[in-house]
Amino acid sequence: MRGLIAARVGMGFLTLAVISALLFFATDCLPGDVAAALLGPQATPEALATIRASLRLGEPAGLRYVHWLAAVLHGDFGRSLATGRSVVAMLRPRFQNTLALAGLAAIVAVPLALGLGVAAAMRAGGRLDRAVSTLCLLTISVPEFFIGYLLILLFSVQLGWLPSLAVLHGGMSLAQRLGAITLPTITLVLVVLAHMVRMTRAAILSVMSAPYIEMALLKGLTRGSLVLRHALPNAAAPIIAVVALNLGYLVVGVVVVEVVFVYPGAGQLMVDAVGKRDLPLVQACGLAFAATYVGLNLVADIVAMLVNPRLRRA
Amino acid sequence: MSRSAVVVAIILTAALFAPWLAPYGEAQFVGGVWDPPSVRHLLGTDNLGRDMLTRLIFGARNTVSIAGLATTLAVGLGVALGFLAAALGGWVDALVSRGVEILLSIPVLISALMVLAALGNSLAVLIATIGLLESTRVYTIARAIARTIVVREFVAAARLRGEGLVWVLAREILPNALPALAAETGLRFSFIFLFIASLSFLGLGIQPPAADWGSMVRENAPAINFGLIAPLYPATAIALLTIGVNRLVDRYLAAESRPGAA
Amino acid sequence: MSAAGATAGPVLRIEGLSVHSAGGVALVEDVSFELARGEVLGLIGESGAGKSTIGLAALGFARGGCRITAGRILLGGTDLRLLDAEGLRRVRGRRAAYVAQSAAAAFDPAMRLIDQICEGPIRHGLMSRRAAEERAIADFRALDLPDPATFGQRYAHQVSGGQLQRAMAVMAMACGPELLVLDEPTTALDVTTQIEVLAHLKKLIAGSGTAALYISHDLAVVAQIADRLLVLRHGKPVETGSTADLLTRPQTAYARALVAERAGVALAATASAAAPSAATPVAAASPAAVLEVRGLGVHYGRQAAVSDASFTLAPGETLAVIGESGSGKTSLGYAVCGLVPARTGSVSLAGVELAADYAQRSREQLRRLQLVFQLPDVALNPRQTIAAIVGRPVQFYFGMRGQALASRTSELLGLVGLDPAIAGRRPGELSGGQKQRVCIARALAAEPDVLVCDEVTAALDPLIAEEILQLQRRLQERLGLAYLFITHDLATVRRIAHRVLVLWRGRIVAQGATAEILAERRHPYVAKLCAAEPEMRPGWLEEALARRAGTEPSNEFQSAGGN
Amino acid sequence: MSPPLARREFLRAAALCGAAGAVGGMASLSGCAVPDGGGDTTGMLRIGMAGGSTSDSLDPRTYVDWMPINIGYQLMNGLVEIDAEGRAVPELLESWEPEGDARVWTFKLRQGIVFHNGKSLTPEDVIYSINLHRGRTPSAAQAVVENIVALRKLDATRIQITLAGADAELPATLSDYRLLVVPDGFEDWAHPIGTGGYTLEVFEPGVRCITRKVGGYWKPNAAHVEAIQVLSIGDAIARTNALISGQVDVINRIDGRTADLMRRNPRFQVIRSQTGQYAVFAMNCEAEPYANADIRLALKYAIDRERLLKTVLNGYGTVGNDQPIPPNNPYFAKDLAAHTYDPDKARHHLRKAGRERLDVALDVSDAAFFGALDAAILYQGAAAEAGITLHVRRRPADGYWSAVWMQAPFCGSYSDGRTTVDGALAKAYKSTSASNETRWRRPEFDRLANLARGELDPARRRELYGVCQHMICDDGGALIPLFMDHIEAGSDKVRGWQPSAIYDLMGQRIGERVWLA
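Protein chains in written order, with my numbering: chain A, 1 to 314; chain B, 1 to 262; chain C, 1 to 563; chain D, 1 to 517.
Quick caveat, the hints were computed from the structure, so don't treat them as lab data.
Accuracy of the hints is not assured; some may be wrong.
[As the list claims (entries may be wrong)] A partial selection of chain C residues facing chain A, derived with a Cβ cut-off under 10 Å:
{"#": "1", "residue": "R63"}
{"#": "2", "residue": "R67"}
{"#": "3", "residue": "A96"}
{"#": "4", "residue": "A105"}
{"#": "5", "residue": "A110"}
{"#": "6", "residue": "A156"}
{"#": "7", "residue": "V181"}
[As the list claims (entries may be wrong)] Residues of chain A clear of chain B, computed beta-carbon distances all greater than 10 Å:
{"#": "8", "residue": "A36"}
{"#": "9", "residue": "G40"}
{"#": "10", "residue": "G58"}
{"#": "11", "residue": "S86"}
{"#": "12", "residue": "V88"}
{"#": "13", "residue": "M122"}
From the three backbone atoms N, C-alpha and C, an ideal C-beta is built for every residue, glycine too.
Please model the entire structure based on the sequences and the hints provided.
So this is what it looks like as structure tokens:
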């Protein structure tokens with residue numbers, strides 16, 4: 001078990017290194033550079049030259065990447081080309097916001113999805129099953145920004161219960177904070193719910209035809225304990241995989257929700273950074289997202305192993 | 001014919017015969033902005049004063065063709081790589097899986113943005129980009145499915161006979177993986193609609209004046225604040241096609257899992 | 001044998017029971033019988049006779065899509081067919097319990113054994129958790145399971161087949177049911193483990209006074225445990241009576257065939273060592289060996305599955321490889337085929353040494369050495385038609401196409417006794433016997449010199465197994481095929497093998513002509529194998545146990561408990 | 001020089017909802033409960049505006065987008081202000097005198113002004129602040145002050161500026177929002193020290209900023225509200241919803257349709273400013289086929305400007321006539337023939353250029369100007385009538401201004417209103433301009449424009465500028481279909497809110513001007 005984990009963590013770092021290189025050279029080959037992005041179209045050639053000189057943009061990309069890598073290995077993620085502020089200082093509050101929103105959405109979505117998935121599996125073919133699957137297909141087929149707009153229209157404009165702006169800042173009490181991110185959380189829950197419910201239902205149903213389920217039935221167990229005590233633990237592996245995939249989306253994929261709810265998350269920061277070719281910031285955001293994603297996959301694999309006794313002492 | 005089959009059939013005929021069915025030209029301006037439904041415009045007009053019904057019909061053609069091509073590319077690439085990784089294992093599996101993990105961990109909008117900004121926003125590049133990015137997700141599912149089949153005896157029997165890798169993948173593994181892959185393809189087809197819509201958030205997406213349902217939801221979204229239902233038409237169209245396709249997949253799965261069909 | 005007297009009325013009375021499949025086919029038609037307290041009724045018949053269906057009906061259950069269409073099922077006076085789902089649920093496990101054929105599949109792999117065993121009594125509100133656990137541990141001790149106090153903490157994959165089967169019995173008896181249904185509980189076990197489990201089951205039933213329905217296709221096994229027998233064929237009752245009467249004076253023709261077939265096997269076992277039975281082929285002296293194996297060693301990680309195995313196989317000869325499960329028989333066969341790369345030693349075909357890994361062998365070498373798997377269900381691709389399965393090797397090796405291929409395929413199907421019309425159907429639609437014939441046809445399509453058969457008859461009913469063995473002898477005589485025949489069933493060895501190779505913990509402990517090896521019982525291990533074969537007369541079990549208890553062989557031969 | 005609309009934050013620009021001009025309004029105008037925005041909002045003016053980005057800084061040399069400019073005017077003061085009629089009026093410079101040929105100017109400093117750190121305002125401070133943008137500087141305002149040759153302190157209250165070329169409207173040029181006055185030698189841009197009505201309390205770039213009122217503000221009738229909170233809200237629908245649900249008092253950049261809707265509800269007010277902001281489809285006069293004057297005219301006649309005004313802006317703007325001076329500008333050439341939509345005239349010019357049909361591509365993105373994509377689609381429809389096949393190529397908003405603008409031969413662009421006519425002409429039409437997007441270089445035009453700039457006699461100057469406008473309109477490569485109004489909206493509680501002659505939100509000085517009823 002430990003050997004396996006060490007290997008996976010090692011692979012994780014390798015992945016992060018490759019991602020940082022990929023992001024660097026991809027952003028670098030995009031048209032324009034940070035000087036042009038900063039000064040805009042009115043920039044005079046002299047002003048552009050001054051900035052480029054001060055930020056050492058003249059050096060070849062490879063050299064700049066090596067400088068950046070060397071600095072990172074010493075724990076210094078460098079300063080933003082656009083603002084000169086420490087990249088970590090810019091990213092930390094926003095990444096905390098992203099994790100907070102993703103965490104809250106996960107706490108609501110995962111149990112709800114498992115519950116609905118199990119319930120649908122239990123009464124497969126019944127009215128509840130059809131209702132749940134229609135709800136899932138509906139949420140899948142509506143773009144997330146549209147769900148966001150509809151929620152804002154209903155809850156903050158019409159009913160006025162909840163603010164449509166999820167602008168988090170120091171001065172807010174916990175209640176205000178939760179109030180502010182309620183609508184974005186509901187949007188995210190609806191977006192990831194469907195995939196998890198359908199996969200949970202499919203995983204449980206595929207296990208329901210196993211001989212030990214028939215045996216449990218012949219032992220006179222209720223359908224509820226049949227599904228919860230016997231089917232669910234054995235359907236855990238595919239369910240954990242789909243939960244990890246969706247948690248990854250909650251962290252990595254929510255740029256659009258951040259725009260609609262004006263939520264100061266890391267997604268928009270990264271999009272801004274790419275827009276301005278602010279390479280150190282792009283790298284920092286990219287690595288933060290990648291580390292979270294690789295970490296999530298690792299945890300998912302370990303949990304999957306723990307749940308399956310056969311692999312526990314592998 | 002079940003309800004969902006009828007819905008999908010209607011949408012496909014609309015897609016195939018768009019130019020003949022549509023009452024007006026794809027980009028023809030016929031009225032004011034968001035005019036209410038009338039005799040001349042059954043579903044009213046869109047954000048530029050074009051006939052909504054015409055846009056939906058042409059939108060069907062573009063959406064189904066683009067999403068269809070992208071899905072085919074995504075599923076084709078994802079399944080091929082997934083099966084290879086499962087069948088060969090070892091360094092092939094490790095290499096491809098790490099590569100996929102890299103692509104999966106970069107926010108999808110950022111990767112799309114980089115590729116489209118660098119290579120230009122043509123239709124081919126758009127479909128290739130969506131296909132490539134979505135194939136990473138198909139890969140993970142296909143690999144998991146193939147790994148359960150590769151260990152079966154009949155695969156060993158084929159390999160023992162000296163069969164080549166391609167034969168084993170295509171004739172031994174693929175037929176058994178089809179049911180599960182069908183479920184994944186159904187979902188992927190719908191996710192790709194939404195991908196096109198969110199791309200238009202970055203000013204990307206297909207070249208105007210072509211219509212696609214995802215972008216139409218995007219363009220007409222503000223109307224809801226005026227109590228107008230303009231964006232609901234494309235949104236409903238996407239919902240109907242998504243539910244229709246996935247219900248048909250469920251029906252195929254039920255048929256597949258009946259005894260005799262193993 | 002407990003007294004057969006009915007005290008408070010029959011525990012189970014089934015009247016005119018009929019069960020139909022989803023497609024409307026009658027699986028069971030108009031079956032009636034009674035079961036008194038403490039009495040054991042044996043249900044005998046080939047697969048497809050409806051035995052399991054009746055067993056499950058006794059718990060008011062019908063598998064996948066089937067429906068109980070007629071008759072009454074009275075368990076202690078209550079007709080199960082009148083109960084709703086909740087009523088049935090309260091009966092199952094509590095008043096009537098079920099023991100499945102494969103314990104490995106019937107146990108939930110993700111839950112500790114003790115939790116699954118105590119689940120019944122706790123959920124039915126009969127006992128507290130602590131009381132249920134204490135009772136289970138007591139039962140473990142009664143059934144000689146290793147360190148009973150902690151045995152329950154293990155998971156199903158950490159326990160041997162025989163131990164699991166006993167644990168399943170404990171689980172079934174946990175609620176002290178009135179009726180116990182045992183569905184072929186020992187079939188999946190090898191001979192030596194079978195005796196132990198049978199003995200424990202008999203003791204358990206006798207001790208608790210529970211009525212039992214014992215389902216099996218092996219007359220000799222049922223004879224040891226059942227008071228009365230009911231013979232079934234195609235879902236209809238054929239004959240019923242006390243075990244002793246039926247075994248000695250079977251009335252109906254079918255019953256007689258069953259008894260005779262099983263007796264034939266038994267007779268051969270008891271025949272004096274000297275006279276080789278007509279059925280046992282004599283190795284024809286023949287010149288060059290078609291297959292030569294020198295110092296073969298196979299390792300899984302650090303564990304040696306086969307070490308230093310050497311033997312030869314002549315054309316047209318059958319060499320049987322016998323030994324308990326876990327003795328390395330299958331590993332040997334797979335190593336010869338290259339499916340499992342051998343660590344040491346060499347395998348040569350017609351004098352030419354083969355690469356250890358099949359992938360490095362030439363197409364011609366692969367063609368001349370074919371493997372037939374044990375379980376036909378998994379050896380055939382469910383999505384391909386029979387024509388595709390059997391035709392592919394012909395197309396692959398000999399490049400035949402179109403009409404020539406079609407006629408060759410039909411010829412092959414005919415060769416193995418199958419109607420060519422099934423070419424268009426899929427494996428899922430065929431019976432076990434038919435599927436095994438397709439596997440053999442596929443192997444023959446390559447026109448091989450050597451056929452490695454890995455326990456090909458183990459999963460089949462005796463009558464069908466018999467047909468497959470006869471088919472293989474005919475093919476051997478016509479095509480000069482050489483067989484490397486892996487099995488744990490001595491009867492099969494006697495019927496088909498020229499020479500025998502006995503494997504124990506990966507080593508060859510004996511090798512020679514069949515009659516010689518089986519008759520002389522020189523080697524203690526071979527003796528133990530022969531002694532473990534049940535004979536079709538009541539009371540044999542007690543003698544065998546006494547014999548085994550008396551001459552307790554040194555612990556090295558203690559059954560490792562097949563896994 | 002002034003910042004074009006939101007072109008840096010491409011996502012915000014894209015998020016400006018590609019829908020033709022229609023941005024979220026309010027479905028039903030029935031009253032709805034107004035949730036409290038949190039914090040002590042008594043006397044706090046809450047502004048929700050587009051134009052903020054995570055990389056904003058308060059250093060005037062970096063001002064390119066709206067939010068930093070708005071905050072800048074809260075903390076600091078400029079040299080000269082532009083009033084509602086567009087005239088240059090004194091701010092920190094009390095009065096000014098040109099000498100002889102308007103090449104040398106003397107400015108008198110307002111007295112008794114004190115910085116927030118107690119230091120009183122001196123000529124050295126003004127000179128230092130202007131020099132920040134001269135010479136080797138990363139400032140984009142370098143082009144604005146390029147004409148200044150020498151900057152001298154005359155005495156304790158006066159400074160003298162010598163120009164390379166005469167400029168009759170130098171004071172208006174000095175009203176540029178980047179020429180803000182800080183103490184001599186000041187460098188700590190994270191905590192700017194200015195003479196404005198407010199001091200900085202909280203600044204989170206791209207998120208929000210709070211400034212608190214400073215007592216004793218020298219400017220009469222200004223700095224009424226206790227505090228100002230500016231929130232960066234990129235998405236137009238989000239901005240509108242924030243106002244409707246009462247989370248902010250003022251929002252900028254709403255579209256024509258939402259404006260109509262807001263107007264009908266007494267709880268809200270809509271402010272419309274005509275500041276000379278215009279959209280342009282720029283043709284590269286040095287590239288084929290745009291080098292041919294007739295091709296340029298054909299394209300100018302092939303666009304339906306009225307339909308664009310109605311559909312894209314819902315009427316909130318005025319039809320443009322392919323030259324940068326708006327109708328409400330005193331120097332507007334009234335005798336200019338309008339290029340109204342005329343497919344036949346377009347075909348006529350095509351035939352003069354020796355062609356029956358024309359096939360061209362127009363690169364565009366919503367990062368160019370608000371509703372650019374929809375305008376291009378409408379143009380495509382109209383041009384087809386004139387036998388012109390216009391391929392609209394939608395380009396990603398990301399990097400539009402570096403990858404498409406000035407690269408593609410025919411692309412969408414934008415210009416904000418200028419404080420002076422010369423500013424407008426110098427920006428994109430003089431041969432020497434770095435951002436001459438049409439590469440239309442006419443020495444004769446340069447000579448006339450510079451002559452006009454130095455001309456002190458208004459009548460003569462109007463005549464000269466008239467000729468310049470004719471030259472651009474008839475021969476230039478700029479197809480300017482629309483002048484676009486700035487539209488902003490707010491709750492009726494906000495008082496003293498007037499349309500502005502330049503930029504929006506009262507020339508970005510709304511913070512110190514309005515009060516809450």
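message: Name the hints, by number, that the structure is in violation of.
response: The structure breaks only hint 2.
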